[in-house]
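Peer 1: Assembling the complex is the task here: the two chains are given apart, and the hints tell you how they should meet.
Residue numbers (the working numbering), protein chains in the order written: chain A, 860 to 1049; chain B, 27 to 194.
Worth double-checking, as some hints may not be accurate.
Said to hold, decoys possible - List of simulated lysine-lysine pairs, DSSO-like, C-alpha gap at most 30 Å:
| hint | chain 1 | residue 1 | chain 2 | residue 2 |
| --- | --- | --- | --- | --- |
| 1 | B | K62 | A | K982 |
| 2 | A | K1010 | B | K39 |
| 3 | A | K1039 | B | K39 |
| 4 | B | K164 | B | K39 |
| 5 | B | K164 | B | K35 |
| 6 | B | K164 | B | K62 |
| 7 | B | K39 | B | K62 |
The set of hints was computed from the structure by calculation and includes no laboratory data.
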Amino acid sequence: MTTRHQAIRAIMEQVEDEIVVCNIGHPSRELFEIQDRPRNFYMLGSMGLASSIGLGLALSQPERVLVIEGEGSVLMNLGSLATIGATSPENLALLIIDNESYGSTGFQPTFTANGLSLAAVAKECGIEDSFAVSSPDEIGGLVDRIRQTGKGPCCAVIRTEKVMDKVPPLISLDAEDIKKRFMEAIRNEP
Amino acid sequence: MTSSEYLYKTLRKTGLDFMVSVPCVKLGDLIAMAEKDQEITYTPVTREEEGIGILAGAALAGKRPAILMQNSGLGNSVNALCSLVSFYSLPMVLVISHRGTEGEMIKAQIPMGETTRRILEAADISHLVVYSAWDLLKAESLIDSAFRDSRPAALLLPFDFWDGGNRK
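Looking at chain B on its own, in the form it has when it is part of the complex (with noise of 0.2 Å):
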């Protein structure tokens, strides 16, 4: 299996049933999976936080929703994850391509990859680095925790991730 085949399984097993996007390279194959995924809800979408607002509805209505999208998505979030998701105490699940990290060949990614965490840290959003799909059972539990706990959780997916962790 591929690292995006584990991870959307992951994401299944845990009970996701409700899914937005806006693309990134690196969730190509993820996105074709949820899109293809007749057991669960998913549309595309414009902007990242149109996605977490869409998501407040699902959990609202007692989805287990997730967002896939780019780091760069988050900074377009943060009010929504602020004022919306965490106010309201909303369970989701962030589902995020990790760019301008080890292996970025763009530069103009640089600088949001290495603010994302610390974005996360402020907004008390709790969050995993997945390196590798063994990481993808610390992953488990952080989603079941996020539903239990009814509040957001956020995976990191750096290159490594993607590439198996064969790239150095």
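Next comes chain A alone, as it looks inside the complex (with noise of 0.2 Å):
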């Protein structure tokens, strides 16, 4: 299996323009520490609403938006699956590391810990093209696939390994230079 700094490491070897936007904690930090880049916004605060602040972004331009999410995140917002489910717009791709666990908070399990499937709650909420990876071949040729499938939005389940790899570094930006340089990046032409 992998961990999700692996993970996280080999979404950002097949992201191109996509924006990104990245969970509260530690991911954030990894991202923040394997490619940074103005394209990323990094959720600072109010855990729960990365798919939300990536379904804004979606609705209002046209490129392919990344969410880089948690299943203990994407738990504490599930109706947010059922707004995605019911707009249904095309350049929204869900990745939700699951780890069955709050990885920032010392490992304490989730929910998904005892089977519960965030790929079928998505697809009943009317996502279809939701579905769980976990070899590091599918993650290799997720971001591909997620590019060539192109219908509706997509929600990605990415089993990784309830570790740390190690405690990534602080991102030194603050949010208002996150805010601004990501404003400018998505504003212009890729």
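Peer 2: Here it is in structure tokens:
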């Protein structure tokens, strides 16, 4: 199995000009360490809302939006899957990294540890292209797969190990800087 | 024109082009207008906090977004308003039906009704009580300032507003 850090690295190796919105806590810090870029939006507060921010972006501009989510965060805002299913923007993909735990706070188990399938929930919410992946090969081809399908939103649950590679560094940008360069980057052609 | 029509006209005049809603019986007409308006992006949402997140994404893309909700939903949104909207200085408008105020028939609305303005003050969100259509000129400048200064602003709509000032 893959670690979350490896999964984020594998995603970023495939990313070209896509907009990336990343979940609070260690995932954003890992993304910052792996590949900081102006088209990354690091969500530093408001746990649960990464998929909603991604939906707002996808409904407001034509470029593809990839949201690096966590299963604990999605469980906090399950209604978001219903709204994404109902609005169905083709340019939105949720990449839910599922390590069955709240990894940033000490690996307390989440309900996916009991077998809850967020891919099944997403499908029932109307996100037809919902599936789970776990092998490095599948994760390594994920963004290409999303680009090729291109019909309606996508929800990929990426199952990862319940371990942390190392404590990722803090993000050395403040909120205002993250916002300004992100807004400028997405306003211009990629 | 009805109060709702005056209000919707004001919201559109200030350039609002992206709306989400969680219903309140008082907001019914306004929501129907947003739904029918082909020139804006509109969707209902499941919960107000979720709506604030969607508005944040829209604001990042340069839209001028607003949420139509009851004041109970303000309570559901406090963390998002502080740690997302204020933290990143994002502009948006909260159009709030202020229940639990004078004229309220449902007792359960009263505690939140009495707390609403203090929540906005504690969160440092500029707000205006719109008692009648006459106050909409002030609402216009509040909305303009929200986008000029890149911060949230709230319009509170008590029973008087919907009743066109004829209730008393």
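Peer 1: Now tell me, hint by hint, if it's right for this structure.
Peer 2: Taking the hints in turn, this is what the structure says about them:
1. Restraint check for B/K62 and A/K982: satisfied, since their Cα atoms lie roughly 28 Å apart, inside the 30 Å limit.
2. Annotation: proposed proximity of A/K1010 to B/K39 is violated, straight-line Cα distance about 35 Å (limit 30 Å).
3. A distance of roughly 27 Å separates the Cα atoms of A/K1039 and B/K39; the hinted pair therefore holds under the 30 Å criterion.
4. For the proposed pair B/K164 and B/K39, the alpha carbon gap of about 13 Å is at most 30 Å, so the pair holds.
5. Between the alpha carbons of B/K164 and B/K35 the distance comes to roughly 14 Å, so the proposed pair stays at or under 30 Å and holds.
6. Simply put, B/K164 and B/K62 have alpha-carbon atoms about 26 Å apart, close enough for the 30 Å limit, and the pair holds.
7. A C-alpha spacing of about 16 Å is found between B/K39 and B/K62, which places the hinted pair at or below 30 Å, so the restraint holds.
This entry does not satisfy hint 2, going by the numbered hints stated previously; all others are met.
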